[in-house]
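*Asks:* Using the hints, put the two chains back together into the complex; each one sits in its own frame.
What follows is each chain in one-letter form.
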Amino acid sequence: MWARESARFLFPMARRMADSLRDLTPIILVIAFFQIVVLRQPFPDLANVAVGLVCVMVGLGLFIQGLESGLFPLGEDLAWAFASKGSLVALLAFSFCLGFGTTVAEPALIAIADEASDVAAEAGAILDNDSARGSYALELRLVVAFSVGIAIVLGVFRIIKGWPVHWLIIGGYVLVTVMTVFAPDEIIGIAYDSGGVTTSTITVPLVTALGVGLARSIRGRNPMVDGFGLIAFASLTPMICVLGYGMVT
Amino acid sequence: MELLNTLGTTFRDVIPIAAVLIIFQVAVLRRRLPNPRRVAVGFVLVLLGLALFLVGLEQALFPIGETMARQLTDSVMTGDIGAASDVDWRDYWLVYAFAAAIGFATTVAEPSLIAVSLKAEEVSGGAVRAWGLRLVVAIGVSVGVSLGCFRIVTGTPLPWYIIAAYVVVIVLTFRSSRAIVPLAYDSGGVTTSTVTVPVVAALGLGLAATIPGRSPLIDGFGLIAFASVFPIMSVLAYAITSSWWSKRRGQQPSDSERKLDDT
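Just so you know, the protein sequences line up as chains A and B, in that order. Letter by letter, the first sequence follows residues 1 to 249 of our numbering. Letter by letter, the second sequence follows residues 1 to 263 of our numbering.
Just chain B, with the same shape it has in the complex (with noise of 0.2 angstroms):
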């Protein structure tokens, strides 16, 4: 029944898309798909398969990630704590395990990332590595989630994070190889869909209910904005890193480098 109403609900997703790609497909290049049925059955099962994705996660995990997001922030709650101005952002630390750990988990598991990351393996000619695409933007993000978290706790504007990291971004940009940032400011938009939202925005609107003096329609936003900004980092810098390794053990460019280069 949960299977059928999750079908219903991605099926809806896929009708516009559908619509879109057969009107022009008709009217405007008036040609026949190659092989049209191969197609048809990659349809169904991507939407198949994202529907048991999601009974399955609606079944198994999102219950406990969202009780567990909100006995953690009431665990730290216990201690009477007055005023607003007693919060202590060092009591939290719990929490900010929790998020980087979740962050990182759910992003692993993220199927749009999986789309991009395999794309990007089968472009770079194996440069890039599908799977360590998906470790790197899974650091990225778990180190934006924890630090949105250490956010809401302590109350400061989201404007100065992201701008900051917006700052971090192009520095990052300037100093890395053409041929990864395409790839990496791709990997922002990606890692927050399916699987990372609804744990994610649990997490920061259990934080900011919680909280003494913290609003959660102020404060509970802004940790999806962290955990599409962090990622851009972590893969340029992985990036550079990797490459000034190279450098200073006074190596030619690895194999893999000179492949991301002739791409």
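Chain A with its partners taken away, still in its complex shape (with noise of 0.2 angstroms):
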């Protein structure tokens, strides 16, 4: 039993590993050129980097293989039981809580919010000391974890509905235009950033899976033109609500 798992498991684990080897060659192949053709530098550390590679190739093709045998049923069958149960509220619920539970823990999204609150700080919008920073930088991460949550909560409603997400996101890029003239300065840059750092590499699986899942259990949604979108509205949310609260604070 044990024998023929790992059998089955092994065989395809080697094809990944064969595509992750593809798939980190262009990084390979840029950094030597410039390393040894444009910047002229001897190539340090050379078995340093051999062994990281190794890791790198391995690291990804187990994560594929998780997110096959893991991730993905795990997010269509959530999507299909939320389906069958009928529960609008408890659908949206665990929409909310998915989007703002994996986004306040984000490490991409903390380090975001520190260099802000340094940037609020040197511009005088608030006290330039520690205590004045954390607070400004936890309730930037709040916003922005709240605004994912609000994010997954729209898209998965808008799969229900079937409304076509292009108009949602125009507005979106409407408002974020509109609230760029009245923004002060400084938050713009990072509030652009921030759309693009909230959805973490456990996350998109995730949810993808859930949109993809809802639209195929949901009659006469397809789950082409459907079940696609909910990362598009993680990354527009977190833009308009640290802009917005750079206009606030």
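Wrong hints could be hidden among the right ones.
[Said to hold, decoys possible] Only pairs whose alpha carbons sit at most 20 angstroms apart, straight line, appear in this in silico SDA-like list of lysine to any residue:
1. A:Lys85 with B:Arg31
2. A:Lys85 with B:Arg32
3. A:Lys85 with B:Val28
4. B:Lys247 with B:Ser176
5. A:Lys85 with B:Arg30
6. A:Lys161 with A:Arg219
7. B:Lys247 with B:Leu172
8. A:Lys85 with A:Lys161
Hints are computed from structural coordinates only; laboratory data are not their basis.
*Replies:* Below, the structure is given as structure tokens:
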């Protein structure tokens, strides 16, 4: 039983490793080219680099294997369970918790929030001491996490209703444009960047599978047209909320 | 040791997700997962894989990538340039080339993008190829990041570029097939995570710090925003061109397009 399971597991693993080697080739080529031809620097610590590359390859292989056996089925199964239970409130509550919970602890967001508090302190928007910065950064994180929660709720609601995604996104773009005019200059760069950093590597597969699963289990929805789009909302609302936060404080 | 550390941080990231899933599974849905062991194994693999991946990057690529970003911006500065007004954007072509190359390369290896493109291939019944989608997205990121570097060098305001990009996205949206639009929007958000953000952010901050008259706080940000808008454009533009091309040659829509419309 164990032997058969591991054989079934090892064969695709070998292929995945080969795939991840292909994925990494561009990075290796770019760095080698610029290092050797352009900057003419010796390659530092080649052994370390080789060990690191093997780690990356094995890691990427394991990750994709885990996606297909764990996260993808789990996301679709949850979507199916919520759809068959028929409780809209439960589904929306789940969507909010998923968006909020996964974003509030996101390391990239923590880093951005800390930098934003430095900018605000420098610009004189808040007092220049540790406690003021700390509470500013924490508030900002909560604002972004809340906005991602709202984004997933909105996205799920859209899938259920079958609204076309582009009207909502274009509306969001217009809002961002208008807010940019009124927001303080220092916050704009951070706000624009915060959209890109909120969706972590573990959230993305789960949320994508959830959307596709929902679109599949609701009659009359097309998984290609309706299933995607959740991530797009999650990268738009943080921009709006951070700009708004910058205008209020 | 390093691995344990990273494993710990990755684990901490997963706890809120796992908590939400378990609470809803037990308290709201009140049922058991159909295949709990498989899902648990999958979770462990994802965790382990991500941790290994990050440790490897930390060991092998990030230090070099970050040093190179610094060396490149420094090497341009060897000629003595005095006042801020003397900065000539043409002196920095190596930086743009590096930005384009590294943007492309890191996007191809981005795990979130791999996840979305695998799903897209499955959902579209093979009409959208996972590898092709990743290439198109990577081209978008590479154009975006290198334009973003140009912006830092010239010091022009970020909103102009991003808002102009929005306008292009909106125009392209109305010209392209309905089926590709949501996927294109999603591919904007997923390009910038684990691999791309650290390298690209280092490039931006390094560039803003070495160029006279630029402040890292104001000019250093924004590259990630470029990297999230341009893939939307490149995916939409690719979809439009390929359908235009097959029409121009007087053919029926190709097999893959018909499949996409049918899904």
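*Asks:* Each hint needs a verdict: does it hold in this structure or not?
*Replies:* How the hints compare with the structure:
| no. | hint | result |
| --- | --- | --- |
| 1 | A:Lys85 with B:Arg31 | holds, 11 angstroms |
| 2 | A:Lys85 with B:Arg32 | holds, 14 angstroms |
| 3 | A:Lys85 with B:Val28 | holds, 10 angstroms |
| 4 | B:Lys247 with B:Ser176 | holds, 14 angstroms |
| 5 | A:Lys85 with B:Arg30 | holds, 10 angstroms |
| 6 | A:Lys161 with A:Arg219 | holds, 11 angstroms |
| 7 | B:Lys247 with B:Leu172 | holds, 18 angstroms |
| 8 | A:Lys85 with A:Lys161 | holds, 17 angstroms |
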